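Engineer: Below are the chains, spelled out letter by letter.
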Amino acid sequence: MDTLFTLATLAAAVRLAIPVAVAALGELVTERAGVLNLGLEGTMLFGALAGYLATLASGTPWLGLGGGLAAGAACGAVIALLVVVIRADQIVTGLAFTLFAVSATTYLFEQSYTIGQAPPRIPSLSMGPLVAIVLVVLAGVWFVLARTTAGLVLGATGEAPEAVDALGYRVPRVRTLATVAGSALAGLAGAMLVCGPLGLFVQNVTAGRGWVALALVVFARWRPGRAVAGALLFGLCDAAQLRLQGTATEIPYEVFLALPYVVTLLALVVRARRSGTPAALAVPFVRGGT
Amino acid sequence: MTMTRDPATVPAPDGVLGRVLRGPDSRAASVAVPVGAVLAALVVGGVLMAVEGVAPLSAYGEVVLGVFGRTRGLIDTAVMATPLILLGLGVAVAYRARVFTIGAEGQYIAGALAGTAWATVGPPLPGLLLLVSGLAVAVLTGAAWSGVAAWMLARFGASVVITSLLLNYVAAAALAWAVRVGIRDPGSFTPQSRPLGAAALPDIPGTGVHLGFLVALLAVPALAAVLRRTRFGFRVEVLGAHPEVLAATEARPARTRLAVLALAGAFAGLAGFVEVAGVTERMTPAFATGYGFTAIIVALLGRLRPVGVLVAALLLAGLTVGFDEAERVFIIPSTTVGVIQALIVVFFVAGDALSRRPGRRRR
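Protein chains in written order, with numbering that gives the first Met the number 0: chain B, 0 to 289; chain G, 0 to 362.
Possibly wrong hints are sitting among the right ones.
[Said to hold, decoys possible] Between beta-carbon pairs, the in silico distance windows are:
{"id": "1", "chain 1": "B", "residue 1": "261", "chain 2": "G", "residue 2": "354", "range": "39 to 45 Å"}
{"id": "2", "chain 1": "B", "residue 1": "261", "chain 2": "G", "residue 2": "31", "range": "42 to 48 Å"}
{"id": "3", "chain 1": "B", "residue 1": "111", "chain 2": "G", "residue 2": "69", "range": "30 to 36 Å"}
{"id": "4", "chain 1": "B", "residue 1": "122", "chain 2": "G", "residue 2": "285", "range": "29 to 35 Å"}
{"id": "5", "chain 1": "G", "residue 1": "186", "chain 2": "B", "residue 2": "244", "range": "22 to 28 Å"}
{"id": "6", "chain 1": "G", "residue 1": "330", "chain 2": "B", "residue 2": "202", "range": "18 to 24 Å"}
{"id": "7", "chain 1": "B", "residue 1": "111", "chain 2": "G", "residue 2": "213", "range": "41 to 47 Å"}
{"id": "8", "chain 1": "B", "residue 1": "135", "chain 2": "G", "residue 2": "233", "range": "53 to 59 Å"}
{"id": "9", "chain 1": "B", "residue 1": "58", "chain 2": "G", "residue 2": "31", "range": "46 to 52 Å"}
{"id": "10", "chain 1": "B", "residue 1": "10", "chain 2": "G", "residue 2": "124", "range": "48 to 54 Å"}
Bear in mind the hints are in silico, worked out from the structure with no lab data behind them.
The model shown is predicted, which means the values in this text are computed figures rather than measured ones.
Think of the CB as a built atom: it goes at the ideal place given N, C-alpha and C, for glycine as much as any other residue.
Chain G on its own, in the form it takes in the complex (with noise of 0.2 Å):
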């Protein structure tokens, strides 16, 4: 990923991507790396709090408990798990096309704060209009958004992994002026935008999670669909093994590039609209809290695939909710969960490099 290497003679890839896209070469190895990465972090956070004089196995039965044990904690991690979902699908759609964008913060900030700033100073629209509208908002820009470091690859070959990221502070710094300036709440003593009032999602009937959940739901199997049956979901596979290939056929890597940048931000400008209207309510300067980092592990353990990506979306969340309920029980320090999170992602690249290390592979 250097800034002007043309990308048709990167070399097929190597690491986690080049597993994933090579196909179904061991089923058992892609399902057991993420399974034991997670095993081996709890391992390790298990000693952490033993360290801490806090038993592992009751800690880590309360965390379980603080999940299933309760209505409250199923809700939770489904509330949690929404956007990470949806951060994490738009993410492995990049990577599966070997794209490595790390701008999901920055457009599901900018999605978020489009669609809010529709929804609550923009056309007064009956309620349900106002949600559409504003979801059609948040798509859009969180697309644009990803679409600039998207232009500035195929206008001038700038790394998207440097543009991405450095897209991220900019959106950082207009939610700070939005929400200060731009969309204030005229009634706030401290800077907020006003509530989304009308354009708030409801819950699902009969549970105490918002609609953005059942969207999230809705979404893997619909991305699936995309990637296994359309032309699209071809080039993307094609793009991410053999650009080479790409570039002989008559479709234009540059084009499936932008699709795909433009698509994992439609996903990250839809995630962050769902969780103003689901959760939050309206903006604050701590609307980011760092999901859009979240979602590249979540991406990564779900081996960029849809289905993975809800697993792993839902089990980070759980642990997140799980060790929250466990901390009023032990004196866990609060960042444990963070580390053990971190560590899983460490031990799966690891893991991943090591299960296939050349003197294994038949030459």
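Just chain B, same shape as in the assembly (with noise of 0.2 Å):
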């Protein structure tokens, strides 16, 4: 155990989290307009995909960052067109989205490469300018959720929509907003995950990494930071685990495997008291009442 931790752990522990804290911001960022975005997973694998796709045509990851935000956004507006528009069940579509995501994308992957042959690596960001992205995206969203008319309207519109819309906001149009915005940073941290010191594309590359951000935005109590810290403890697990992998110790490697997932169902059994949960969370609105 006293190896555990070395410097190399911690910076597999940072290097692992840093997606999972983009992703977890960017479902904050929805979820406190009122929109429970189950599809996180799915936008996350498609943003890895542009990302990827993107960085090999362009040759430069920072395009391909890009392509993950774009496509993010897009998958934003799918899923604030069915569940904002036309208000179909927020946890069925998000679920469907995600399952369609994970068939698409490796649909799509496999037709981009010639089967046979490897697929190619892409050239990768090094840790300093994700970490740089990861705080300037902290700050961001803390900013504009905090100290801007916005970012209160954003806020109010998941405690209050009625108020809101009395208010003469458009309850409809903050929610799609904050979905592809949200959405947006899920694309980013997908694609922060391939263009990082991964470099590839593999099927199914998130590993539920999407479903771990949603649970952080529960555990963080849908604040920013606590959410970045909540991303950290899961990468410092994730680490532990991989480093155990390979050697022969008391404890089984599995354990670690399992360990950020029973840490924050431990989470949200001590703070699932009434904790800043949107009030209007998931439920659609419909002007005037239904």
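The task is to assemble the complex, starting from two chains supplied on their own in separate frames and drawing on the hints.
Structural biologist: As structure tokens, then:
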């Protein structure tokens, strides 16, 4: 155990935390406006694929990040169309979207290279810029939500949409924008996963990180800083698991495989009291009531 | 489905479930939307294949022949549909009660794992007794696994969506450990459990289909009868449509939710052990193949009705089996069928929401 938390493990923890942190910040924005986006995992996958393909085509991972952002925004537009405009059930829609994304990204990825050859690797960004992006996104989300009128309207839309409506704001528009913005961040998170040290897209590359991010938003009580802290905790468990996988120790590495999820479950138990949940989360808004 | 909001304050259901639960408002639409979604997905799949340079109609012809043109196709379809039917029934009951669990995959793994552990390293019992007790262990473990999410909802108000999903990953880690260390076959180089041996499910006489398919077929009318005729079934309907009504009666919504989730877990655990005992015969790290997620498509497409689940499970299984066969004849990417199945559910969700737009409703 004494060799467990080396500098390399800590670096790995940060690396693993990055995509989860950005995705959680995106979901946080969306949920604050009252939309529960269970399509987060799928949006990350599309963002990852777009990031990979854009980097492959352009040769610069920075354009890959832009591709991820754009793909995420597009996913957000589709999800918003379904849940905000035609008011499909948010839970069912998000699940359906993620199931769709898993198949669709695999299909598109397989079309992108010749069968029999290894898919090409892409040039990747180092940790420095990636960490900087996380900090910028964190500061941006915090600033907008806590210090701007737009953020106030967004938060109010998730708490009391009727009041926001009475003040003359358009609830569907606010929710659509929040969903698109949050999904763009999720797409960016996916792109940061593949354009980072990984440098490769593989089938289902996000491996449930979007779901972890969703849980982290609850864990963080809808606060940006805590969401990033939660992501770091997740990264630490993940890194410990990877570190232990090759070595024979008393503790089976599967414990660390399960640990991030168990910790999140425990966190839900500890903090699940009325704790900043947007009051109108996942409740469709109909003007004048139904 | 937030964490802390009292579920009794959730307004009358909207969306997929609302339509189902509001009763037979339009039988035509309730069939037309899923059928339309399937057709639309097949059309898009056809376009994809055309782009690939495969003639869609001949490819689909081969898909149909792959299922109905040979005995093996029918057998494979029945075998693949078996876990989907059982898992889908469990999901359908939960969703009818507006309890959104996505933990079927974890419950399926947990049930299969416990049943296998019981049958391979548990007490030495004679064949049939081993099989039956293994099934019981799997059912109870699945129910308990799902019960954790139910307990966390009742006790702490934690969202079932999140908790049931997190439990999937815990189950996956348990599977990895169990086949590597816990119940590993000591004579094997790769991590896997011992074979079930005497606890394996026999075939239905005269067919190549294991008995689990019969179990799944019988579960359909059984569940339909429970939902239609019993007090529990009535409570499920009321909980789904008007939880505040249930809260006003002597029945406690929390208890009904617990029962619903336990039942869903029991079905998933049963599906898991049936799959081991009927198909894989031992647990490997590759046991979890995502049936628990496909089951959500099955339940939705089947309109959360037992018979609908049966039809949807057979349809999705048939598509997979048929495409497997068509891939031998045509050069079709193996992921095409996955895209078509996923498109079915996306089109279904959109079509369902569109078919109940306020503009079309009398106010």
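Engineer: Hint by hint, which ones does the structure fall short of?
Structural biologist: none
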